[in-house]
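**Q** Sequence:
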Amino acid sequence: MIEEVPIVDSEEGAAVVLEPVAKKRGRPKGAPNKPKAPKAPDPAPKPAPKPTPPSESEEEPVPVKAKKKRVKAPPSSSDEEPPTPKPRRSRARTISPVMDTRQVASEVLQLLSNRQVTQAAARREKYRSWFPAT
1 MIEEVPIVDS
11 EEGAAVVLEP
21 VAKKRGRPKG
31 APNKPKAPKA
41 PDPAPKPAPK
51 PTPPSESEEE
61 PVPVKAKKKR
71 VKAPPSSSDE
81 EPPTPKPRRS
91 RARTISPVMD
101 TRQVASEVLQ
111 LLSNRQVTQA
121 AARREKYRSW
131 FPAT
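Just so you know, the working numbering puts the end of the sequence shown at 134, numbered straight through with nothing missing.
I should point out that these hints are in silico values taken from the structure, not numbers from a laboratory.
Please read these numbers as outputs of a predicted model, since none were measured by experiment.
Cβ atoms here follow ideal geometry from the backbone N, Cα and C, with glycine treated the same way.
The reader is advised that the hints may include incorrect statements.
Said to hold, decoys possible - Below, a list of computed lysine-lysine pairs in the DSS-like style, where the Cα atoms sit at most 30 Å apart:
no.: 1; residue 1: K50; residue 2: K65
no.: 2; residue 1: K50; residue 2: K36
no.: 3; residue 1: K34; residue 2: K23
no.: 4; residue 1: K23; residue 2: K39
no.: 5; residue 1: K50; residue 2: K67
no.: 6; residue 1: K36; residue 2: K24
no.: 7; residue 1: K46; residue 2: K34
no.: 8; residue 1: K86; residue 2: K69
no.: 9; residue 1: K67; residue 2: K86
no.: 10; residue 1: K46; residue 2: K24
no.: 11; residue 1: K39; residue 2: K68
no.: 12; residue 1: K34; residue 2: K24
no.: 13; residue 1: K46; residue 2: K69
Claimed, not checked - Restraint ranges, calculated between C-beta atoms of paired labels, are given here:
no.: 14; residue 1: E107; residue 2: K86; range: 27 to 33 Å
no.: 15; residue 1: V108; residue 2: P43; range: 49 to 55 Å
no.: 16; residue 1: P87; residue 2: A122; range: 34 to 40 Å
no.: 17; residue 1: V21; residue 2: A120; range: 55 to 61 Å
Let the hints inform the model, and build the full structure from the sequences given.
**A** Right, dumping it as structure tokens:
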């Protein structure tokens with residue numbers, strides 16, 4: 001028959017395995033409710049030393065840098081489509097400066113109502129295409 005042998009932890013054969021402790025997130029319990037300390041302002045930059053005026057005998061002409069101009073790429077072959085013009089922005093509606101709150105409220109309600117009606121109509125048309133006409 002089979003003999004049961006008790007397992008005994010020995011210092012030589014057993015290796016101790018420690019699981020890493022999960023790092024807790026968030027604010028610890030009992031932490032003071034203080035705002036963060038403000039950052040120290042950066043020290044003011046030192047002013048540049050003023051150049052001494054050169055004497056008349058040492059004057060040298062200072063070269064002036066020319067501004068660089070952007071070079072546009074030449075148009076490519078005529079096989080490609082011509083560039084599309086930018087869309088024009090519609091002019092904003094001019095609202096008379098003298099409007100009382102009732103007029104503004106009624107206009108806002110009308111705009112919202114129109115939007116809701118158009119969305120409902122679009123939804124109806126979308127689902128109508130799914131089913132055959134009866």
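**Q** Determine for every hint whether it applies to the structure shown.
**A** Now for the hints, and whether the structure bears them out:
no.	hint	result
1	K50 / K65	holds, 22 Å
2	K50 / K36	violated, 41 Å
3	K34 / K23	holds, 23 Å
4	K23 / K39	holds, 27 Å
5	K50 / K67	holds, 26 Å
6	K36 / K24	holds, 20 Å
7	K46 / K34	violated, 35 Å
8	K86 / K69	holds, 24 Å
9	K67 / K86	holds, 28 Å
10	K46 / K24	violated, 45 Å
11	K39 / K68	violated, 41 Å
12	K34 / K24	holds, 20 Å
13	K46 / K69	violated, 35 Å
14	E107 / K86: 27 to 33 Å	holds, 30 Å
15	V108 / P43: 49 to 55 Å	holds, 53 Å
16	P87 / A122: 34 to 40 Å	violated, 22 Å
17	V21 / A120: 55 to 61 Å	holds, 57 Å
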